[in-house]
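**Q** As a plain string of letters, each chain reads:
Number of protein chains: 2
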Amino acid sequence: MKKSCKYGTHRVIEPAGVLPQAALRLDNDMTIHSNEILIDVISLNIDSASFTQIKNETTDIGAKILEIVNQRGKMQNPVTGSGGMLIGTVAKIGSELSNRDLREGDKIATLVSLSLTPLKINAIKAIHTDIDRVDVDAQAILFETGIYAKLPEDMSQELALAALDVAGAPAQMAKLVRPGDSVLILGGGGKSGMLCCNEAMKRVGPTGRVVAVCVLEEDKEKLQAAGLCHEVIVADATDAFVILDKAALVNKGREYDISINVVNVPGTEMSSILPVRNGGIVYLFSMATSFTRAALGAEGVGKDVTMIIGNGYTKDHAEITLAQLRENPKLRAIFEEKYGGAV
Amino acid sequence: MKKSCKYGTHRVIEPAGVLPQAALRLDNDMTIHSNEILIDVISLNIDSASFTQIKNETTDIGAKILEIVNQRGKMQNPVTGSGGMLIGTVAKIGSELSNRDLREGDKIATLVSLSLTPLKINAIKAIHTDIDRVDVDAQAILFETGIYAKLPEDMSQELALAALDVAGAPAQMAKLVRPGDSVLILGGGGKSGMLCCNEAMKRVGPTGRVVAVCVLEEDKEKLQAAGLCHEVIVADATDAFVILDKAALVNKGREYDISINVVNVPGTEMSSILPVRNGGIVYLFSMATSFTRAALGAEGVGKDVTMIIGNGYTKDHAEITLAQLRENPKLRAIFEEKYGGAV
Chain A
38 MKKSCKYGTH
48 RVIEPAGVLP
58 QAALRLDNDM
68 TIHSNEILID
78 VISLNIDSAS
88 FTQIKNETTD
98 IGAKILEIVN
108 QRGKMQNPVT
118 GSGGMLIGTV
128 AKIGSELSNR
138 DLREGDKIAT
148 LVSLSLTPLK
158 INAIKAIHTD
168 IDRVDVDAQA
178 ILFETGIYAK
188 LPEDMSQELA
198 LAALDVAGAP
208 AQMAKLVRPG
218 DSVLILGGGG
228 KSGMLCCNEA
238 MKRVGPTGRV
248 VAVCVLEEDK
258 EKLQAAGLCH
268 EVIVADATDA
278 FVILDKAALV
288 NKGREYDISI
298 NVVNVPGTEM
308 SSILPVRNGG
318 IVYLFSMATS
328 FTRAALGAEG
338 VGKDVTMIIG
348 NGYTKDHAEI
358 TLAQLRENPK
368 LRAIFEEKYG
378 GAV
Chain B
38 MKKSCKYGTH
48 RVIEPAGVLP
58 QAALRLDNDM
68 TIHSNEILID
78 VISLNIDSAS
88 FTQIKNETTD
98 IGAKILEIVN
108 QRGKMQNPVT
118 GSGGMLIGTV
128 AKIGSELSNR
138 DLREGDKIAT
148 LVSLSLTPLK
158 INAIKAIHTD
168 IDRVDVDAQA
178 ILFETGIYAK
188 LPEDMSQELA
198 LAALDVAGAP
208 AQMAKLVRPG
218 DSVLILGGGG
228 KSGMLCCNEA
238 MKRVGPTGRV
248 VAVCVLEEDK
258 EKLQAAGLCH
268 EVIVADATDA
278 FVILDKAALV
288 NKGREYDISI
298 NVVNVPGTEM
308 SSILPVRNGG
318 IVYLFSMATS
328 FTRAALGAEG
338 VGKDVTMIIG
348 NGYTKDHAEI
358 TLAQLRENPK
368 LRAIFEEKYG
378 GAV
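Sequences listed follow chains A and B, in order. Positions 38 to 380 (this note's numbering) are the ones given, in order, by the first sequence. Positions 38 to 380 (this note's numbering) are the ones given, in order, by the second sequence.
FYI, nobody ran anything at the bench for these hints, they're computed from the structure. Among the hints, a few may not be true.
If several chains are the same, the list does not tell them apart, and a pair holds so long as it fits within one copy or across any two.
[As the list claims (entries may be wrong)] In silico DSBU-like cross-links for lysine-lysine, where the CA-CA straight-line distance does not exceed 30 angstroms:
1) Lys352 x Lys212
2) Lys283 x Lys352
3) Lys144 x Lys162
4) Lys43 x Lys283
5) Lys43 x Lys289
6) Lys157 x Lys257
7) Lys212 x Lys92
8) Lys352 x Lys289
9) Lys101 x Lys259
10) Lys375 x Lys259
11) Lys367 x Lys101
12) Lys144 x Lys257
Values in this document were obtained by computation on a predicted structure and should not be read as measured data.
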C-alpha cells in the first residue's frame, strides 16, 4: 500500500502531483488505507449546477452518472467541475482514525465535495430528478481531512441531507450580514437560497432589507408565505439589466450592500455585480460562476466591489445550517414537503 | 444610430442582451455614438495569461491576434476569456462627454479590459514577446463607464502602461494588508508580483513578513537586490505541496495571513489556499484561476479562508500604482530596464 496522505493524494492516478479535486482520475479501490474511512453509500446529492447540466445534456441521467464515475473514480461533472455530497453509513474506520467520535454503523453525511471523493457505484436504485438526488448501491472513501456530519436524530435523513448539502452559503451569510444591510439573493427560490434568505432576515434586523430573485411565480408565493424576505423579484437572473432595474425599484432606488448568488445556471455574474454599491460585497456561491466573467465584468463597469468565491466550508457550518431548520418551522415545513418528511 | 447605453450594450451583436464583456461579438464600426470616445491606438498590452496561452498555441502571434479581433470585434482570448489594455491618443470625444477632463490629442491608457473594448486593427507593427505588448495601427472605442488614465508626464509611456496594466492588484493590497501580517505572493517575479511585493513591504511594517514565490532564479536575485520582500522561494507554483512546505519553512513554520496569486499559468489555486491560516485571505488575481477549483479545493481540505476574486478596478488604483514607481527608485529601475526607459 502506498504512503497515505491526509489530503488523499495517494489516490490520485492522473495527473501526478495534484490534489484529488483536480485529478482526472482517482483510484477507487475500496480497500481502505489506515487513515481513511469506508462508507456504504445510500444516496448522492448531486450539485445543482451539475445535475442541471446533465439533465440538459441527456435523458438517461443514470447512464451518464455511471459513465462519469467509471471514468474518473469520482462523481465530478466534467463540464461544471462540481460534485455534490453523499449520505451513508460508516462501514470501516482506518486504524489511525480510531480516536474519532465515530463508530461503524453511524449514519453520516460527507461535507466534502464528491468531486474529490473516491466512489464506486454497483447499481443505481432511483433517480429523484426534482431534488437532484440519486439513490445508489455504492461505496466511497473519506480522507483524513474530509469533513462530515453525523446525521441529527431530530430530523429525517432526507431533510438533513438537503440542508447539509448547501451548508456553506447560509453559514457564510451568518458571518457576513450586519444589521441594516440591504441584501439581494439571486436564486432565492432554491434550497440554498431559502436558507440564505432566512439567515439574512435574522441578521439585517428591522432596518435592513432582504430581496430574493427567483424565476418561478410559485417560489415567490412560497418565500412570501414563509416570511423569508421583504420583497421577491420574479425574473431571469441572467438578464442583468432587468435585475438591476427591478432590484433598485424595491430598494427605494438604492444600491445593495451585499448580493448573494446561489443560481444554478451560468451567466449571472453581472446580475450580482451591477445592483451592489461601491464598497459592497458580491458573494458568488453558484458553481456555474465564471472567474473571468466576474473579474473582468466588475472592472468593465468600474465597480469597486469585493467579490468572494463561495467556500463550501466554514467553521461550524453544519450546525449553523441545521439550526435554521429547527428555528423556523415554516422553513422546515417547506423543506420537509420537498425533500422528505419528519422523523 | 441605436440608443446608446453607458455600459456599451448597444455595441453587442451576439448574444443579445449581454454586456460587452460577455459578448461573443461586438460592433467595431468606428463611427462613435454621442457617449463614446474614439481612440487612435498605439499599443496593446495583452493580459499575461492570454499572451502566454497564445504563445503556447502558435508561432504566428500576430495572425492569431488579427483572427481573434476580426472574429470578435475585440481582443478577448477565447481560451482564457481575458483581454489586457491599450494606450493611445484621444481622436474624438462624443458630445455627451464634452465635460470630461480630456481633450483630443491627450495620451491615455484605458483601464477597462480589452475583452469589452471595440477594436479594429488595420495593421500590426511590432510584437514584443518579452513584455506581452503589440504595437498597432488601430482604433478603439471607450464607453461612458470605461475608466482610463491620462499618462503621467514624469515617466515614459511604456513604463506607465506596464504599471497601469496591473494597477488593480497592488491597489487592492494597499487596502488589505495590515501591520504584522505575513503575506505570500505567488508569481512575485512578474510585474504585478513586484508591485504587490513592494506594496506589501510598505504595509506589513517591521513585524510582518513578505514572501515571494517565483519560478526563475534570476527573479530571486532581482527581488532580493531591490529589497522587495523578506524571502524568496524559487519553485513551480503549480506544485501545491512543494509550495506548502517551502512557504512554512521561511515563515517559522507558521501559516500565512494572506496569499496573493498573480501567476500567469493555470492550476495554482491550491498553492494559494494550503499555506494560509483558517480565517485568512486568499486573493486570486490570476486570470488563469478556476472558480470551481478554488471553491471546491478549499472545501475539500477543510480550509476556512476568504477567497477573493481579483477586481481589476478599485478607487484610485491608477494613482496608487504609479505612486509606487515614484516612491521606490529600485523598483522603477527594474521596470524601466524591462519595459522602457525614463522620459
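**Q** Can you tell me if Lys367 and Lys101 fall within 30 angstroms by alpha carbon in one copy, between copies, both or neither?
**A** neither (36 angstroms within a copy, 58 angstroms between copies)
**Q** How would you label the pair Lys283, Lys352 (within, between, both, or neither) given a Cα cut-off of 30 angstroms?
**A** This pair counts as between: shortest inter-copy Cα distance 27 angstroms, intra-copy 35 angstroms.
**Q** Given identical chains, is Lys212 near Lys92, meaning Cα to Cα at most 30 angstroms, within a copy, between copies, both, or neither?
**A** Classified as neither: same-chain Cα gap 34 angstroms, cross-chain 44 angstroms, threshold 30 angstroms.
**Q** Classify it for me, Lys352 with Lys289: is the Cα-Cα distance of at most 30 angstroms met within a copy, between copies, both or neither?
**A** between (35 angstroms within a copy, 25 angstroms between copies)
**Q** At most 30 angstroms between CA atoms: does that hold for Lys157 and Lys257 within a copy, between copies, both, or neither?
**A** Close neither inside one copy (40 angstroms) nor across copies (46 angstroms); limit 30 angstroms.
**Q** How would you classify Lys352 and Lys212 at a CA-CA limit of 30 angstroms: within, between, both, or neither?
**A** Result: close both inside a copy and across copies, 10 angstroms intra and 26 angstroms inter.
**Q** Given identical chains, is Lys101 near Lys259, meaning Cα to Cα at most 30 angstroms, within a copy, between copies, both, or neither?
**A** neither (33 angstroms within a copy, 52 angstroms between copies)
**Q** For Lys43 and Lys283, with the copy left unspecified, which applies at a CA distance of at most 30 angstroms: within, between, both, or neither?
**A** For Lys43 and Lys283, the Cα distance is within 30 angstroms only across copies (18 angstroms; inside one copy 48 angstroms).
**Q** Using 30 angstroms as the alpha-carbon threshold, which applies to Lys144 and Lys162: within, between, both, or neither?
**A** within (19 angstroms within a copy, 67 angstroms between copies)
**Q** Cα distance capped at 30 angstroms. Does Lys144 pair with Lys257 within a copy, between copies, both, or neither?
**A** Answer is neither; intra-copy 35 angstroms and inter-copy 52 angstroms both fail.
**Q** Are the CA atoms of Lys375 and Lys259 at most 30 angstroms apart within a copy, between copies, both, or neither?
**A** Close inside one copy (12 angstroms), not across copies (61 angstroms); limit 30 angstroms.
**Q** Using 30 angstroms as the alpha carbon limit, work out where Lys43 and Lys289 are close: within a copy, between copies, both or neither.
**A** between (51 angstroms within a copy, 22 angstroms between copies)
Consistency with the previously given hints fails for numbers 6, 7, 9, 11, 12, ordered from lowest to highest.
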